[in-house]
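Position chains B and C against the provided structure of chain A, taking the given hints into account.
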Amino acid sequence: MKLKSALLGAAASLVFAPAAFAERGADGHVNVLYWQAPSLMNPYLSGGTKELEVASPVIEPLARFSPTGEMIPHLAEEIPTLDNGGFAADLKSITWKLKKDVKWNDGSDFTADDVVFTWQYCTHPEGGCAQLSKFHGVEKVEAVDAHTVKVSFAEPKPYPYATFSGPMQPILQKKQFENCLGTAAPTCTEQNFKPIGTGPFKVVDFKTNDVVQYEANPYFREADKPAFATMTIKGGGDPEAAARAVLETGEFDYAWNAMVAPEVLAQMTAAGKGKAVVSFGTLVERIMTNMTNPSSQLPEGERATVKHPHPFMTNPAVRKALSMAIDRELLVEVGYGETGKPTCDFVPAPEAYAANNTSCLKQDIEGANALLEEAGYVKGADGIRAKDGVRLSILYQTSTNAVRQDFQSMIKDWWAEIGVETELKNVAGAVYFGSDPGSPDTLVKFYADVEMYANNFDGTDPAAYLADFTCEKVPGPDTGWQGPNYNRICSEDYDAMINELNRTADPAARQALAKKINNWLTVDNNHIIPLVHRGAVAVHGNSLGGVILNSVDASIWNVKDWHRVK
Amino acid sequence: MTDSINTAKAAAAAASYRPPRNQWWDVWDQFRTHKGAMFGMCVFVLLIALVALGPWLWDVSATQTNMRMRNKPMSWEFPLGTDQLGRDILARVIAGGKTTLAVGLTAMCLSITLGATIGICAGFFRRADNILMRVTDLFLALPLLPLLLLMVMLFREPLVQSFGPELGIFLLIVTAIAMTSWMNTARIVRGEVLTIKEREFVLAARSIGTPARRIILRHILPSVLSPVMVAATLGIANAVITESALSFLGLGFPPDFPTWGRLLQDGMPYINLYPSRVLWPALALSSLVLSVNYIGDGLRDALDPRIRGR
Amino acid sequence: MLTFALRRLMTAIPTLLFISLVLFMVLELSPGDPLADMPLTIPPEVREKIRLAMGLGEPWYIRYVLWLNNFFVTEPMYWIDGTFGTDLADGRQRILSYQTRSPVFDTIGERIPQTLKVVGTGMIIGICLAVPIGVISAYRQYSWFDQIGTFISMIGFSVPTFVTGVVLIVIFSVWIPNDSAFWLPTVYDTGLKVTSWDTFVAQVRQMILPSAVLALYYAAQISRYMRSSMLDNLSQDYVRTARAKGMSEKVVVLIHVLRNSMIPVVTVIALMIPGVFTGAIITETIFKVNGIGQQLLLSLQGNDAPMVLTITFIFAVLIVTFNLIADILYGLLDPRIRYD
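Protein chains in written order, with the UniProt record's numbering: chain A, 1 to 566; chain B, 1 to 310; chain C, 1 to 340.
Excised from the complex, chain A in its bound form (with noise of 0.2 Å):
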């Protein structure tokens, strides 16, 4: 047996070189360094990136996704889909079968039972779970058998896999957890540091925003996986610091996010140690234009609401003179290098879903002073256009990271050259992403004419992140400055794609609607100036071998695959 089995593994060498001679904890000891580090190892509480990242080894979904998109099942048999039956032909529910022979790393057998705790856990109205918006729409999940689980949609669902796929939403210990349901939840600080998983590797130690270290899950359903006995996510530094650790000094094995400059990489990988990789999610740092008039002038409350339209912004020739003279191919130069793409779309992937417009992807100062000129906009003596008295003057907010300040003097200079006069804001990133009602300063509150920040969207599917931009969701005081509707976009056009996207099942005719929609926000009207697709950039040292990035799952969801290279 033993020698079959043996030969089993020689044979697969053959064809998986050399990770195939590996069995579980051969390759000892592999460093990872995370410079944001880790508060948490349970994602239902922190929703930061970070936190899914370091609890996906331990934790798992009942799929996930592959760095093109696809749907791997790993907790589940296979992916339920309208062909074979798992998903409801009235797209009300959708059934699950689950692999049986999996088990928690004490041990326990995992069952149908843990799933179901799950959809509880994180729907306690009491909880504070930040993956709620993940179970919205579910009206049950219930256990069918010991290994079936069946989720039921109160309204046909056209796209159903946002439950419990991907790495949002691994799904927990029932033993672990029955006793952190509510208001429970902060307090079970053990589970929260240690939770119980059915993944690669098991927590041994975590030390909050400091270190993790794991070891190889003795019940793993793989026998020979991981390759690595032991692991240390380790947390804290700057990029640059992250960078230089894996590709000058030697001292770790792999970075995450290694977001440095385009140049600064280069040197640092041309020392020979290690190499960067990229994989481009759905992340698009664009500027946002403000419908509604930012000015100080105005009184608190009515400032930047739908009550005042914007004096200029509203007019679409002015949005598009500005995104004209922008150059995308530099800005990305300067800015990203490898690691990021110019781009026209606010959907950029995944493919089906890509509009791939490249009308904008060519610098053209001319044709930009030429249509401000037809508009009606004329320079005057300082060099800035005006119309009826007023001024393309735009005020210009970002939050501050060095990239971000580049872009914005590079567009500033640009912009002047059509005549418009840009006034500079860089506000950090702790009070503009917050949404602090009583800041000024916030994204949502967007006291500016236009603002540039990078969003993306879970998994594969955008419908959700194409319906931001309805007349319901322009934040304002009337909504506690809620809503992701930062430009105040109010249009029935608008309105009513979205309303046909919403039941739309049929993939060709949802794709060519999201195609549409995207079309209509960006390169149609310009309420969107999207900029650079920007990818996720980790560093690895030459003698890791199974680094493969994902920036639509967890980043490290290969793990299990890492060995040492000899």
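Incorrect hints may have been included.
With a straight-line Cα cutoff of 25 Å, these simulated DSS-like cross-link-like pairs (lysine-lysine) come out [unchecked claim]:
hint, chain 1, residue 1, chain 2, residue 2
1, A, K174, C, K49
2, C, K117, A, K207
3, C, K49, A, K50
4, A, K140, C, K49
5, A, K140, A, K50
6, A, K515, A, K473
7, C, K193, A, K207
8, B, K98, A, K425
9, A, K473, A, K307
10, A, K100, A, K50
11, A, K194, C, K193
12, C, K193, A, K473
FYI, nobody ran anything at the bench for these hints, they're computed from the structure. Bear in mind that the values here come from a model prediction, so they are computed numbers and not experimental data.
Below, chains B and C alone, put in the same frame as chain A:
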């Protein structure tokens, strides 16, 4: 009648009276003999001249990006090279110096004045001591970042509206730095005053009925000058670094507004690739602090009557 | 002096209570949101629920009183339970951080060792260097030693630690190959336990760079105060008297002058020691020491009010204590100083 006599007397007195040489001339003479101080003075004047006259001598924009001229080394066209956006580093150092010198010197003066006043009052007037020192404890304990965020939130808009964006933010930053850095000076000065006010010369002054104000100005203040000078030197460096941290966090000047601290921070990621980007602002900053330190040294010696007499 | 100390201790309690209120209000009023670093993909209504679960729905005075109660009643109970194995606390709610959802004191306890080691060592080395440098610089004013000392200390103070730290890393960890004996690690391993000679060497090696950066920074400041204060005293009459009486230079300088010059130095050191507790934010971040300074920075950035409030309040207690100690030391150094 009496009036005319008085005026005549005064006129006569004025004619026969040659005012004694002003003591400040003595101070200046002593200061001049101090080599370090003169050297510091020269560097300081040079820095001021660079900043004040620089824009005329080197007429290049500090903020204009030039994508074809990125990361150029030192050359005749760009004496200190260019940065990652093709901006001329010399022009940026000159433009940054203006803000840095203004903020550093003003904030330091404010902070030292505030600190010394509170320190002297606390040390001299026993009744004020407890309350003033507890206020000092309070300020020492306040975390800088939330306090600054709060100040920026409350005062940025009104200040910018009444003084314009540049002066408004300048006032805000200078006040913020002074408000959060006077405590060390106050504690140090108070400690000194506590021992000095028990010295014989203060007792003598007090026993002949010198009013408190006069004792403080004539006797106490000159004696606490040397720690104040040290605090002033350290204060400049502190102000410049705090300013750059503020701008970095987006609480200070807008991002297209170079300052030395900011140039230093912007250059840090490139330290291994282009060390000169860190070197130049660091050099400028260090020479400013060093020159102020030597001037302070000289001034301390010059104002000390025991040394001046020698 | 005793009555003075007692009186000061009495006034310390209302002072600290007032400080805690001001700290709380500053954190409460300053803009910022504990949910700011969560992804934008989390919708607003979910954010609101998270906020309520954190207890942010309560009015500020209730949260303040709760925090006071937790800090002064519940947490000491847990501490007693932990020490004596009693069960006073009985599962009461502790001070929980917004960010880590775990008790604030556990995190502080986890971080104190590395902060004390690194920052404490830096400060001790700094003081040990600064006092002799200050004394010699003043005694031999304008000598080469003095000039070089001045120059180095000014560089040490005017170049911020985020520059000196990275420069040291580039020199000792990048330029020197990592199989050399002089290579030094840039990442501090908080899990390292000193059990043998080798682990002790590893511990020392990982402390060298961060402690050196801090020592330079502290030494620069203290030596300036030491020097100027020595200079003031060297020209005093009592020094001439002592010399005239035939005392040796050693006695004159090291006993008479040094003692009288210590007042500003004691003040500065007393102001610095509480800083050991809050750690050195920048240095800790650069070398990934992950002590209290780095935690404070993360908590400030993440608007984690319970953590910031607790750390700064402990800091305030230390400030009040050490300033009291400094005041008592003044009296010992100069018996003429009276407080009552």
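Hint check results:
no.: 1; hint: A/K174 <-> C/K49; in the structure: 23 Å, holds
no.: 2; hint: C/K117 <-> A/K207; in the structure: 18 Å, holds
no.: 3; hint: C/K49 <-> A/K50; in the structure: 21 Å, holds
no.: 4; hint: A/K140 <-> C/K49; in the structure: 20 Å, holds
no.: 5; hint: A/K140 <-> A/K50; in the structure: 30 Å, violated
no.: 6; hint: A/K515 <-> A/K473; in the structure: 21 Å, holds
no.: 7; hint: C/K193 <-> A/K207; in the structure: 15 Å, holds
no.: 8; hint: B/K98 <-> A/K425; in the structure: 20 Å, holds
no.: 9; hint: A/K473 <-> A/K307; in the structure: 15 Å, holds
no.: 10; hint: A/K100 <-> A/K50; in the structure: 30 Å, violated
no.: 11; hint: A/K194 <-> C/K193; in the structure: 21 Å, holds
no.: 12; hint: C/K193 <-> A/K473; in the structure: 54 Å, violated
In summary, the structure is inconsistent with hints 5, 10, 12 from the numbered list given earlier, while agreeing with the others.
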